[in-house]
Structures are given as structure tokens and as C-alpha cells.
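Colleague: Kindly produce the complete structure, drawing on both the sequences and the hints.
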Amino acid sequence: MAKKKYDWYAENNDTNTSEIEVFDANGNRLQSGDSVIAIKPLKIKGGGDIKKGEKFKNIRLTDNPEEIECGKIVLRTEFFKKV
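Letter 3 of the sequence shown, counting from 1, is numbered 3 in this note's numbering, and no numbers are missing.
Since the hints were made in silico from the structure, they are not lab data.
None of the values given here were measured: they were computed from a predicted structure.
One should not assume that every hint holds.
Said to hold, decoys possible - Below, computed lysine to aspartate or glutamate pairings styled on EDC-like, alpha-carbon distance capped at 20 Å:
#, residue 1, residue 2
1, Lys82, Glu69
2, Lys72, Glu54
3, Lys40, Glu54
4, Lys57, Asp34
5, Lys81, Glu69
6, Lys51, Glu69
7, Lys82, Asp34
8, Lys45, Glu67
9, Lys81, Asp49
10, Lys81, Asp34
11, Lys52, Asp24
12, Lys40, Glu78
13, Lys45, Glu69
14, Lys40, Glu67
Claimed, not checked - Label-pair restraints from in silico Cβ distances:
#, residue 1, residue 2, range
15, Asn58, Glu78, 19 to 27 Å
16, Gly47, Glu19, 27 to 35 Å
17, Glu66, Lys45, 14 to 22 Å
18, Glu19, Gly48, 31 to 39 Å
Cβ atoms here follow ideal geometry from the backbone N, Cα and C, with glycine treated the same way.
Modeller: Structure, rendered in C-alpha cells:
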């Protein structure tokens, strides 16, 4: 039986979010479930803006160490600091 076209990607890319180190704007290590605060105002396309000092609770880490999930949106870690 022939392999699917992209089976090599799944075999060679065994990344686990628990092994990835994610850091905030100040260099503090972030973990899933942490709370973060915005360090500058951000404009969101198609939605409201994020104000400086706005707090996000219970973040989730993604496969990309430069991004975190805050509810339904994915945000860059460079604009947030750990509470």
C-alpha cells in the first residue's frame, strides 16, 4: 500500500507543545494557563482593538513559539508580558 503524499511531514515533525519554550516580551517563560497583559495597543482586523494593559487569562501555547492563543484569537508573544 502506497503512503499518502505528505506522510513524511508527520513522521519527521514530531513537535510537542510541552517541549517548546515560549517567552514574553520581557524574556519570562510562558506556560499554558498563564495570564498576560498587553504592553502596547494593538489593532485587530475585523474586530475591536486591544488596549494597553488589557489582561488575557488562561492562554494556550501553539506550535509556533512566537504565538499564543487567547480565546478565539492567536497573538504574538512580543506584545505581551506575564502577570
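Colleague: Is the Cα-Cα distance between lysine 40 and glutamate 54 20 Å or less?
Modeller: holds, 9 Å
Colleague: CA of lysine 72 to CA of glutamate 54, is that 20 Å or under?
Modeller: holds, 16 Å
Colleague: Take the C-alpha atoms of lysine 40 and glutamate 67, compute the straight-line distance between them, and say whether it is at most 20 Å.
Modeller: Roughly 16 Å separates the two Cα atoms, so the pair holds.
Colleague: Tell me if the straight-line CA distance from lysine 81 to aspartate 49 falls inside 20 Å.
Modeller: holds, 18 Å
Colleague: Next pair to validate is lysine 40 with glutamate 78; report whether the Cα-Cα distance is within 20 Å.
Modeller: holds, 10 Å
Colleague: Take the C-alpha atoms of lysine 82 and aspartate 34, compute the straight-line distance between them, and say whether it is at most 20 Å.
Modeller: Given pair lysine 82, aspartate 34 holds - Cα atoms ~7 Å apart, limit 20 Å.
Colleague: Sort out whether glutamate 69 lies within 20 Å of lysine 45, counting only the CA atoms.
Modeller: holds, 16 Å
Colleague: Holds or violated: lysine 52 with aspartate 24, Cα cutoff 20 Å?
Modeller: With Cα atoms ~15 Å apart, lysine 52 and aspartate 24 stay inside 20 Å; holds.
Colleague: Between lysine 81 and aspartate 34, is the straight-line Cα distance small enough, at 20 Å or below?
Modeller: holds, 10 Å
Colleague: Looking only at beta-carbon atoms, does the pair asparagine 58, glutamate 78 fall within the given range of 19 to 27 Å?
Modeller: Holds, at about 20 Å.
Colleague: When you check the alpha-carbon spacing of lysine 45 and glutamate 67, does it fall within 20 Å?
Modeller: holds, 17 Å
Colleague: Compare the distance between the alpha carbons of lysine 82 and glutamate 69 with 20 Å, and conclude whether the hinted pair is satisfied.
Modeller: holds, 14 Å
Violated hints: none; the structure is consistent with every hint.
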